[in-house]
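We have chain A; now place chain B onto it with these hints.
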Amino acid sequence: MDIILDENNIELKVRAKDWREAVKKSGAILARNGYVEERYINAMVETVKELGPYIVVAPGLALPHAKRSDGVIKSGISIITLDEPIEFGNSANDPVYVLIGLSGSNDQAHLQILQAIASVFEDEKLVYKIAESNCKKEIVAIFNGIEVRDDA
Amino acid sequence: MMLKVVAICGCGMGSSVILRLNAEKAFKALGVEAKVEVSDITTGKGAAKEADLVIIGTELAYLIQGVDKPVIQLKNFVNKNEINEKLEAYCKSQNLI
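Chains A and B supply the protein sequences, listed in that same order. Each residue of the first sequence is one higher than the one before, starting from 0 at the first, in numbering that gives the first Met the number 0. Each residue of the second sequence is one higher than the one before, starting from 0 at the first, in numbering that gives the first Met the number 0.
The shape of chain A in the complex, shown without the other chains (with noise of 0.2 angstroms):
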């Protein structure tokens, strides 16, 4: 498969004093590197707080996102990993040690981020080793290093 990541979308350890400023930082990354118009930024933070916080959808682990109609320019993820866990108010999922921004384009590229995503955090110890690491070749090469079958 494509390779979905690589370490320019990636930040570690990034100081932030709330979840609006955490995912508004896994957001500039996106923007910064194309994939998404700035407009989105905002509507990532919109997202949760019209729909609350279920983007964190696994312990430690939130997928801020918006709308393809927000501004995606193609699919694509940003990496950030948080200095101090943060809360989004999800009793099940709290604190967030890592941020995934989504870009999605509806194709198959985002179709493979998202398989990615699932094998990945499918070892709920990887969350809380991605939000340790020094190193972002590591986590390139655990996201780049995940099979993702085609037929799925």
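Since the hints were made in silico from the structure, they are not lab data. Mixed in with the good hints there might be a few duds.
Pairs of lysine to aspartate or glutamate residues, derived as DMTMM-like cross-links and limited to a Cα-Cα distance of at most 20 angstroms, are as follows [stated by the list, open to error]: (1) Lys74(B) <-> Glu23(B); (2) Lys24(B) <-> Glu87(B); (3) Lys24(B) <-> Glu123(A); (4) Lys48(A) <-> Asp39(B); (5) Lys24(A) <-> Glu36(A); (6) Lys24(B) <-> Asp122(A); (7) Lys34(B) <-> Glu84(B); (8) Lys91(B) <-> Asp51(B); (9) Lys27(B) <-> Glu81(B); (10) Lys85(B) <-> Glu121(A); (11) Lys124(A) <-> Asp93(A); (12) Lys66(A) <-> Glu36(B); (13) Lys74(B) <-> Glu49(A); (14) Lys74(B) <-> Glu36(A); (15) Lys85(B) <-> Glu123(A); (16) Lys74(B) <-> Glu123(A); (17) Lys74(B) <-> Glu121(A); (18) Lys79(B) <-> Glu49(A).
Fair warning: this is a prediction, and the values are worked out from it, not measured in the lab.
Here is chain B on its own, set in the frame of chain A:
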């Protein structure tokens, strides 16, 4: 009979797609024929009415209140055990397996 399933999330592009991927694998393992589609909150309620089964995150379950269909709520979208156990229980309750 092909089971019609809808996975719902806020935008229909993130967590619901992960739910669909994991649900498809779970149904395959159970030997149950199912067509799993994704939907967002604007179309979710309508799609739920057309489906045999709804899969949704616990935090969003309020969005489909009043929909008279079996609903599976999930806390953890990437934990295979949770979705496998809940889908298996559903299939047993419907005498599908």
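Comparing the hints with the structure gives:
no.	hint	result
1	Lys74(B) <-> Glu23(B)	holds (18 angstroms)
2	Lys24(B) <-> Glu87(B)	holds (12 angstroms)
3	Lys24(B) <-> Glu123(A)	holds (18 angstroms)
4	Lys48(A) <-> Asp39(B)	holds (16 angstroms)
5	Lys24(A) <-> Glu36(A)	holds (14 angstroms)
6	Lys24(B) <-> Asp122(A)	holds (16 angstroms)
7	Lys34(B) <-> Glu84(B)	holds (19 angstroms)
8	Lys91(B) <-> Asp51(B)	holds (14 angstroms)
9	Lys27(B) <-> Glu81(B)	holds (16 angstroms)
10	Lys85(B) <-> Glu121(A)	holds (17 angstroms)
11	Lys124(A) <-> Asp93(A)	holds (15 angstroms)
12	Lys66(A) <-> Glu36(B)	holds (17 angstroms)
13	Lys74(B) <-> Glu49(A)	holds (19 angstroms)
14	Lys74(B) <-> Glu36(A)	violated (31 angstroms)
15	Lys85(B) <-> Glu123(A)	holds (19 angstroms)
16	Lys74(B) <-> Glu123(A)	holds (13 angstroms)
17	Lys74(B) <-> Glu121(A)	holds (14 angstroms)
18	Lys79(B) <-> Glu49(A)	violated (28 angstroms)
Going down the numbered hints, you'll see the structure goes against 14, 18, while the others check out.
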